[in-house]
Amino acid sequence: MSENTQELQYSIQGMDCADCALSLERSLAQIKGVEQVNVNYTTGLLDASGDFNPQDLIQRVEDLGYRVESPASPGDSIQPGATPGTSGSSSQLPGFLGYLYSTPQTRLALWGVVLLLVSIPFSLVPNSPQASWVKTILQVLAAIIAGFPIANRGMRALIYARQITIDLLMSIATLGALLIGETGEAATVVMLFAIGEALEGYTSERARRSLRSLLSLKPDVAHVMRPCLDCEEHMGQGGYSGGPCPFCAKHEVTLPVDKLDVGELVVVRPGERIPVDGHVYSGSALVNQAPVTGESVPVQKSPGDKVYAGTLNGDAVLEVTVSQLATNSTISRIVRLVERAQAQRAPIERFIDRFAAWYTPAVVGLAALVAILPPLLFGVPFLDSNGTHGSLYRALTLLIIACPCALVISTPVTLVSALTSLAQRGVLVKGGAFLDVMARTRLFAFDKTGTLTLGQPSVIQARSVDCVPNAQRCEACDEMLALAATVERRSEHPLAQAIMAEVTARQLTHVYPAAESIQSLAGQGVQGISNGNRILVGSHDLFHTRDDSLDQPLHADIQSAVDAGQTVMLVGKDNKLLGFVSVSDILRPTSAEALRQLKAIAPDIHTVMLTGDNPSVASRVAASVGSMDEIRAGLLPEDKLEAVRDLQAQHGLVVMVGDGVNDAPALAAADVGIAMGGAGSAQAMETADVVLMQDDLTHLPETVLSSRKTRTIIAQNIAISLVLKAVFLLLTLLGWATLWMAVFADMGASLLVTLNGMRMLRKSS
33 MSENTQELQY SIQGMDCADC ALSLERSLAQ IKGVEQVNVN YTTGLLDASG DFNPQDLIQR
93 VEDLGYRVES PASPGDSIQP GATPGTSGSS SQLPGFLGYL YSTPQTRLAL WGVVLLLVSI
153 PFSLVPNSPQ ASWVKTILQV LAAIIAGFPI ANRGMRALIY ARQITIDLLM SIATLGALLI
213 GETGEAATVV MLFAIGEALE GYTSERARRS LRSLLSLKPD VAHVMRPCLD CEEHMGQGGY
273 SGGPCPFCAK HEVTLPVDKL DVGELVVVRP GERIPVDGHV YSGSALVNQA PVTGESVPVQ
333 KSPGDKVYAG TLNGDAVLEV TVSQLATNST ISRIVRLVER AQAQRAPIER FIDRFAAWYT
393 PAVVGLAALV AILPPLLFGV PFLDSNGTHG SLYRALTLLI IACPCALVIS TPVTLVSALT
453 SLAQRGVLVK GGAFLDVMAR TRLFAFDKTG TLTLGQPSVI QARSVDCVPN AQRCEACDEM
513 LALAATVERR SEHPLAQAIM AEVTARQLTH VYPAAESIQS LAGQGVQGIS NGNRILVGSH
573 DLFHTRDDSL DQPLHADIQS AVDAGQTVML VGKDNKLLGF VSVSDILRPT SAEALRQLKA
633 IAPDIHTVML TGDNPSVASR VAASVGSMDE IRAGLLPEDK LEAVRDLQAQ HGLVVMVGDG
693 VNDAPALAAA DVGIAMGGAG SAQAMETADV VLMQDDLTHL PETVLSSRKT RTIIAQNIAI
753 SLVLKAVFLL LTLLGWATLW MAVFADMGAS LLVTLNGMRM LRKSS
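Positions 33 to 797 (my numbering) are the ones given, in order, by the sequence shown.
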């Protein structure tokens with residue numbers, strides 16, 4: 033790759049059908065220095081890489097009749113008030129009417145419709161040469177006015193790209209109809225085509241807006257605390273000569289979010305959306321994180337907690353410290369990654385593009401043969417005769433059928449809709465190919481720690497020797513925990529942090545001061561001096577080496593905790609046992625239900641747990657989950673990688689679900705790697721194939737269901753496209769199809785597959 037290689041992205045305006053995008057892409061690929069180019073009709077984005085002159089690229093796009101909006105910044109939101117696909121047209125008409133009136137070519141189509149409607153009364157006047165002439169003139173004008181933009185694009189593609197496009201074929205068919213006297217049908221054909229393309233563009237723009245609507249949730253301005261600048265009141269005092277005033281306190285100013293710097297303090301009032309990614313500095317409130325994580329229930333946020341741009345502050349004022357620039361917020365990265373995913377072609381898309389490349393020339397060749405051979409060989413009239421369509425008319429109809437628009441758009445519109453819908457629900461899929469693989473996969477492998485479980489030890493039981501059974505709050509147990517906290521307070525060990533979390537929850541943190549002379553005991557425990565007493569927290573074995581009868585009062589309870597796979601720590605004071613604390617990594621509340629729903633999707637789905645933990649602990653977790661078919665325990669990271677490869681050899685496709693960090697090799701080796709908790713992990717967002725933004729498995733079953741529904745709809749769309757083409761090809765050869773019927777079928781098929789694909793945008797998908 034050349035050191036001058038560049039990657040650019042542009043927003044393209046004026047594409048009304050999938051064939052436009054395909055033709056534009058083929059033309060741009062011919063430019064010197066362009067190594068890779070992708071034009072995505074559904075997203076309206078052009079991606080190009082190579083050592084080329086960007087101006088050559090822009091000029092070719094404009095030569096072909098389209099507009100280059102700008103070097104696009106993926107994730108930029110649509111301007112408020114803009115009419116879809118028009119870059120801010122001033123039209124105030126609602127919905128599709130506004131879209132029709134928004135561009136010159138669709139406005140010309142509307143004028144053509146008006147002229148065609150005006151011609152209808154004249155066609156009803158019997159035996160009037162004058163009325164017939166007026167009707168013919170109006171219909172010819174309608175065809176010319178509405179057909180001019182179509183013919184213009186078709187000729188540009190032929191001249192600049194040397195390609196036969198649907199625009200050129202439609203123009204030839206319209207011109208042919210005019211020449212053989214079918215003026216009404218010519219006008220109807222071009223009108224149906226223009227309005228059908230506009231409707232196709234309008235529906236695709238709706239899919240485009242669905243993704244970018246995520247960014248509209250992010251406020252454009254923020255209330256930020258800043259000092260006075262060039263304060264006139266204190267100018268000259270203490271050598272102050274301008275800039276931030278050292279004498280004035282910070283005050284609130286409203287600024288665009290792109291003017292904020294990392295570390296600044298932002299004020300978010302109740303009911304406002306948080307403008308930036310950051311951490312709560314002060315305040316506590318419920319925050320609706322649904323736009324980012326897909327969580328349906330608001331989450332309590334307190335000082336130190338992470339918050340995301342675009343989420344909704346609930347019931348209290350929050351002060352937030354900015355941690356990311358606006359362009360790198362989580363929601364902006366989601367949109368960028370989804371747009372990048374939408375630009376990638378799935379294998380079925382590449383196959384359809386190759387099919388379309390020979391389908392159109394083949395049908396054009398067939399049209400030429402239909403026009404020439406029947407009159408020469410079978411005496412079929414060249415022009416219409418006795419109410420039957422001649423060979424020329426049939427050939428013109430075949431030219432319209434040569435358009436592969438419905439087939440070309442059948443897959444991308446479905447994939448874009450599915451990717452967008454999943455992103456809105458907190459699931460980031462890096463490309464349509466991964467949806468296809470998930471739909472076909474029958475084996476799902478899960479990491480245990482941090483995936484099925486919370487990944488952090490929690491206190492399961494705290495039991496004192498003097499514990500009062502069935503008491504709502506046992507003072508003896510609280511006393512034991514408070515003493516344990518004196519030696520564990522400054523420790524970073526996960527078990528110590530579990531004890532401190534329990535102590536904090538019981539509000540026992542400051543009952544006793546931190547111990548002194550703290551000493552670690554060779555990995556078996558810790559001891560220290562608190563209020564003159566020696567406090568010992570350690571393993572069962574540590575206490576046994578000192579006095580094997582020390583744990584006698586609680587021996588049965590301790591053994592029960594050990595048998596349950598819990599880590600037991602004994603607490604002593606001056607060689608006297610106070611009690612024990614058992615700690616374990618607990619199952620995520622949503623894991624069992626998520627796996628139950630996953631297994632319910634299909635009877636042949638097989639689930640496997642891959643864990644580095646010991647077999648007994650893994651078995652207990654699997655029993656708690658209740659939907660695990662196989663367990664592979666005691667695995668190192670490299671062993672998990674080999675396990676994935678072994679599962680692929682046995683079962684074929686494998687989806688691996690993990691945290692995206694410790695199990696990265698296994699995720700990379702799997703056919704699809706799914707990482708959880710992407711909202712808080714930039715690494716997971718960049719490395720995994722699929723990212724569950726929420727830190728649990730809640731959205732895994734619906735992601736698999738969406739992938740299967742996507743595959744089904746794609747199959748439906750391809751079938752609709754091919755069957756309609758085959759039917760009208762046969763009807764045309766038999767002389768039963770008309771020009772307007774062919775256009776109606778072609779545009780109808782394109783619209784039908786577009787609307788069918790857009791069903792994936794529904795929330796219920």
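Please note that the accuracy of each hint is not assured.
Unchecked claim - Dumping the calculated EDC-like pairs for lysine to aspartate or glutamate here, alpha-carbon to alpha-carbon at most 20 Å: (1) Lys741 with Asp636; (2) Lys631 with Asp728; (3) Lys608 with Asp636; (4) Lys631 with Asp606; (5) Lys282 with Glu296; (6) Lys291 with Glu265; (7) Lys282 with Asp262; (8) Lys631 with Glu662; (9) Lys631 with Asp645; (10) Lys608 with Glu507; (11) Lys605 with Glu625; (12) Lys64 with Glu39; (13) Lys338 with Asp293; (14) Lys282 with Glu237; (15) Lys631 with Glu511; (16) Lys291 with Asp262; (17) Lys605 with Asp636; (18) Lys741 with Glu264; (19) Lys741 with Asp510; (20) Lys741 with Glu718; (21) Lys605 with Glu734; (22) Lys605 with Asp728; (23) Lys605 with Asp510; (24) Lys291 with Glu351; (25) Lys282 with Glu381; (26) Lys338 with Glu351; (27) Lys631 with Asp661; (28) Lys338 with Glu296; (29) Lys631 with Glu734; (30) Lys608 with Asp661; (31) Lys608 with Glu511; (32) Lys605 with Glu662.
In case anyone wonders, no lab produced these hints; they're calculated from the structure. Predicted model, so just to flag it, every value in this text is computed and none were measured.
Hint check against the structure, violated hint numbers in rising order: Hints 3, 4, 6, 9, 11, 14, 15, 17, 18, 19, 20, 21, 22, 25, 30, 32 contradicted; others consistent.
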